[in-house]
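Trainee: Sequence:
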Amino acid sequence: MAVPPAATKKTPEGAEAFARFYFESVGDSYVSGNTALIEKMADDSCEGCEGFVRAINDRASKGQRTDKSSIQVKLAQATSGKAPNLIVEVAGQEVPVRVLDAKGNVVETSKPGVFTAVTSVTWREGGWHVMKFVAI
Numbered sequence: 010m011a012v013p014p015a016a017t018k019k020t021p022e023g024a025e026a027f028a029r030f031y032f033e034s035v036g037d038s039y040v041s042g043n044t045a046l047i048e049k050m051a052d053d054s055c056e057g058c059e060g061f062v063r064a065i066n067d068r069a070s071k072g073q074r075t076d077k078s079s080i081q082v083k084l085a086q087a088t089s090g091k092a093p094n095l096i097v098e099v100a101g102q103e104v105p106v107r108v109l110d111a112k113g114n115v116v117e118t119s120k121p122g123v124f125t126a127v128t129s130v131t132w133r134e135g136g137w138h139v140m141k142f143v144a145i
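Quick note, the sequence shown lines up with residues 10 to 145 if you use the numbering used here.
Note that these hints are calculated values from the structure, not bench results.
Treat the hints with care, as some may be off.
[Stated by the list, open to error] Below, a list of computed lysine-lysine pairs in the DSS-like style, where the Cα atoms sit at most 27 Å apart:
no., residue 1, residue 2
1, Lys141, Lys83
2, Lys120, Lys77
3, Lys91, Lys141
4, Lys91, Lys18
5, Lys83, Lys49
6, Lys141, Lys77
Using the sequences and the hints, build the whole thing.
Mentor: Here it is as structure tokens:
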């Protein structure tokens, strides 16, 4: 999946679209088991991003995946900074999902929740990258 055109603009709106796309892609990666896209969008120094990758890869190594994305972004708003460095507040819902094993058996069901992440993004090499995020 490619980064949507709105998320390729070096503007606050582009940063918002990028941050939204990043978190939605994390949810999609739990379904597919493929972390290539979220790794490409994250800076190597982003510990939270690496935590997502490790958790997804851990599930995939066990033959597990979720039946759908658990992440629904409701808001992505640039709150401070200016390109190339912006802070984007991302908020949304975590919807219940089933974790399936390789045979399609349910091994776990997640609980619903809400999340807010203060996300630092920077523009480099022609695109946005997640530098860090803090859940609040």
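Trainee: Decide, hint by hint, whether the structure agrees.
Mentor: Results of checking the hints against the structure:
no.: 1; hint: Lys141 x Lys83; result: holds, 20 Å
no.: 2; hint: Lys120 x Lys77; result: holds, 13 Å
no.: 3; hint: Lys91 x Lys141; result: holds, 16 Å
no.: 4; hint: Lys91 x Lys18; result: holds, 13 Å
no.: 5; hint: Lys83 x Lys49; result: holds, 23 Å
no.: 6; hint: Lys141 x Lys77; result: holds, 25 Å
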